[in-house]
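**Student:** Those sequence lines, one after another, are chains A and B.
According to my numbering, the residues represented by the first sequence are 1 to 195, in order.
According to my numbering, the residues represented by the second sequence are 196 to 413, in order.
All clues given are correct.
Result set (DSS-like, lysine-lysine): computed pairs, CA atoms no more than 30 Å apart in a straight line:
1) Lys80(A) / Lys215(B)
2) Lys279(B) / Lys355(B)
3) Lys171(A) / Lys215(B)
4) Lys80(A) / Lys237(B)
5) Lys198(B) / Lys237(B)
6) Lys279(B) / Lys198(B)
7) Lys171(A) / Lys279(B)
8) Lys292(B) / Lys279(B)
9) Lys237(B) / Lys279(B)
10) Lys292(B) / Lys171(A)
What the simulated footprint calls covered on chain B by chain A, stretch by stretch (three residues with Cβ under 8 Å from a Cβ of chain A suffice, anywhere in the stretch; the number is not a length):
11) 203 to 213
12) 218 to 231
13) 247 to 258
Among the chain A residues that face chain B by a calculated CB cut under 10 Å, a handful are:
14) Leu14
15) Gly23
16) Trp24
17) Cys25
18) Ser27
19) Ser58
20) Glu91
Don't read these hints as lab results, they were simulated from the structure.
Treat the numbers as computed from the prediction; the structure is a model and nothing was measured.
Note that beta-carbon positions come from the ideal geometry of N, C-alpha and C, so glycine has one too.
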Amino acid sequence: MARTLYLLRHGQTLFNTRGIVQGWCDSPLTELGRHQAELARDWFERRQIRFDHVYSSSAERASDTADIVTRGAVHCVRTKGLKEFHYGIIEGNSYQLVLPGTYNPYGDFLVPFGGSSEDEVVARMTETLRDIMERPGHESVLAVSHGACTRAFIASIDATSTLHVPNRVSKNCSVHVIEYDDGRFNLVERFEPEA
Amino acid sequence: MPKTLYIMRHSETLFNVQGKTQGWCDSPLTERGIEQARLTGKEFARRGLAFDHAYSSTSERCNDTIELATEAAFGEPMPYERRKGLKELNFGAFEGKDQCLELHDDNFGDFYVPFGGERHSDATARFEADLVEIMERPGHHSVLVCSHGGIAINFYEKWKDHARVPVTIFSNCLTYVYEYEDGVFSCQDMFVADLSSLERPGLPKQVRIIDPSRRGPL
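Bound conformation, chain B alone:
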């Protein structure tokens, strides 16, 4: 019987707003990020979601997001296991630098390797290995994972042929819903809470729309 895996991206952080590359480095949630996590938790509750287990990347931005979201959903934060396999891609020398320097197309490929970063395929492999290990554990039928944008979209792309929905948004607290069975991940849905109340004029737009037919940098 298929199990359900929810992969959520962390909330908005200082480096997101400043347009800095953030993989294995970390920065604190903004005030808006904190509210995003809470609204996402309320969205979980509104949808009647329940998770038997929760996991998070070892990055503090994910820990904060999952604690805030599950507290908003269920009244108190769920206990969760932190795992390094769920981290973002390591961007090597680009960590903390301007995002405009990320001159590659959607697939990171080997771009970061000469700079001490991670190979796209290696990162996707260790991410998937962790997810498989998690989903194969007994009693894991509805699992929440908090992770990162780049690695989550790489993972989605890898399993694209089994996906029921196209990727159309790429934003903080976006949640992918996968069915897992016999080593196969099929994306059934993706959603984000209504965060429009958090928009303030003059601040950079947090949602980037991806046209699936477009090549070139995100």
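Next up, chain A with everything else stripped away, as it sits in the complex:
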């Protein structure tokens, strides 16, 4: 029987508003970011979706988003496996240094800067999420992660997905609903909050 993974992007942060690259860097959620997390929370609650397990990237913006979405009620396991791309020496600098048009996918663009390659991130996300979804009692799982690594992962499962989405970063607090069965991931639905 298929298990369900809800892959959620964190809310808007200070560095998001400044156009500052934050892969392995972090900055606090803005008021809007917290509101976006509440909108995602409301979406789950309206559908009466409950999580048996909650995971988040080890970045504080992700764990803070998880706390808002679950109202702090479910213990959140933090893992580096759900972290964003590492942007190398571009971390903390302007997004203008990341050439437009190289976003989808990054390929090896970030590698000369000491950053991650697309393949490496896809492998890491896949291994992490597969490991999580194979665990006993994991039928309805929330995983909070980041924009670019989610984009890369979703693009990588396109062939086995029912819902096809463009290869671009989705909004803050967007939810990708993914069915997991027998080692395969199937994107079935996506919610993007209007805020």
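Given the coordinates of chain A, assemble chain B onto it according to the supplied hints.
**Tutor:** Relative to the frame of chain A, chain B by itself:
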């Protein structure tokens, strides 16, 4: 009977090396930072330290530091609780900007408030409130806390009259040793592991010496 509280500063991060203001924002540990944490853990072991509980700021640089240090000290990382009260000062609009813009003296005062940051006294109060709550818990006799440079030195300054040692260094992985009893924190000691093997020519010095008689920016 007094309890012992160890407050360690996190390891060197990318923003430390780049001279960027880092309070509520965060950046990854450098390779040197990772080694600093490990050497600090070995120093804990060398001193025969044992902690019954461990706590960390919610910032990932502190989480990484405490995990690496306790793993090096004890063979596996200690479980720890993350608490927002142990975070650095919030520097508001200065977050991620050049440190040379921090134009205030040792006491942050109200400098950051108009920029959406935290008041010095508010930050020290919430830091101390968390520490008191922690130290009052049963079974807490020797506690390790991983936190940040600015807030830790503010806290030291607040309890200066009870301190047995002056502050002479301000560096990554510096560890303050406090005795706690009846709401009073008295600093007994501070130490840092021998990190000289990690120095490489051409890199910025990681240790800034504070002359206690000097006023003006750190």
